[in-house]
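Those protein sequence lines, which keep their order, are chains B and E. -12 is the number of the first residue of the first sequence in the working numbering; add one for each residue after it. 1458 is the number of the first residue of the second sequence in the working numbering; add one for each residue after it.
Hints may contain errors.
Within a straight-line C-alpha distance of at most 30 Å, the following computed DSS-like cross-link-like pairs (lysine-lysine) qualify [claimed, not checked]:
hint : chain 1 : residue 1 : chain 2 : residue 2
1    : B       : 2         : B       : 81
2    : E       : 1540      : B       : 29
3    : E       : 1540      : E       : 1468
4    : B       : 45        : E       : 1540
5    : E       : 1535      : E       : 1468
6    : B       : 58        : E       : 1540
7    : B       : 44        : E       : 1540
8    : B       : 55        : E       : 1535
9    : B       : 44        : E       : 1535
10   : E       : 1528      : B       : 92
11   : E       : 1472      : E       : 1519
12   : B       : 55        : B       : 44
13   : B       : 2         : E       : 1468
14   : B       : 45        : B       : 81
15   : E       : 1501      : E       : 1472
16   : B       : 92        : E       : 1468
17   : B       : -8        : E       : 1519
18   : B       : 92        : B       : 55
19   : B       : 58        : B       : 92
20   : B       : -8        : E       : 1528
21   : B       : 29        : E       : 1468
22   : B       : 81        : E       : 1472
23   : E       : 1468      : B       : 58
24   : E       : 1472      : E       : 1540
25   : B       : -8        : E       : 1540
26   : B       : 58        : B       : 81
27   : B       : 29        : E       : 1519
28   : E       : 1468      : B       : 81
For the chain E half of the interface with chain B, some residues (derived, Cβ under 7 Å), not all of them [what the hints assert, rightly or not]:
hint : residue
29   : 1474
30   : 1475
31   : 1476
32   : 1477
33   : 1561
Everything labelled a hint here was simulated from the structure, so no lab data went into it. From the three backbone atoms N, C-alpha and C, an ideal C-beta is built for every residue, glycine too.
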Amino acid sequence: QQQVKQSPQSLIVQKGGISIINCAYENTAFDYFPWYQQFPGKGPALLIAIRPDVSEKKEGRFTISFNKSAKQFSLHIMDSQPGDSATYFCAASKDQAGTALIFGKGTTLSVSS
Amino acid sequence: EAGVAQSPRYKIIEKRQSVAFWCNPISGHATLYWYQQILGQGPKLLIQFQNNGVVDDSQLPKDRFSAERLKGVDSTLKIQPAKLEDSAVYLCASSFSGGNTIYFGEGSWLTVV
């Protein structure tokens, strides 16, 4: 059973455009939702994370929007740059001590110049 | 600060052979994870350690996979005998005890032929 569903699988955006990646989760016990960025040949690295007590969190060009009632959250990348081309994973976990993350299947983003 | 170290980075073995991967977490991180990432998919948790005790190994194929974390620092993941479907990147990650942010190594790429 896939607990975190991510879409789209791939995304092509022009430089300067907005990239939007969506995730939906099933387990209402989840209350920590990070996004990880992975470049080829590297391990995933934390990009931004949100907890359900807020509906939006912004860090630079990256914003997470969270909809608790719909059990959905999304990543928005403003002014997308070629350097943003990577695979993005949403994830979720229960906010307990050291609970492991459950990842979505990933979205491969290509930003064309 | 040194990151999560993994070795070897690449390994090619024949099916039914054995392989072992080593991980050294970030200093001070009590929690250590092994994830399996099959090409085109998100990381899937295999096993989680807290110090040298196992917290979660529910998705570890115990008939062929084993892992240990002696002395609560380094960890080894072993596969014996390997199957073709074990071809994947094996990611080691670590976090502070009770911390949500998980830091990944660059992974060990396994190809089973």
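What hint numbers does the structure not satisfy?
1, 4, 6, 7, 8, 9, 10, 13, 20, 22, 23, 28, 29, 30, 31 and 32
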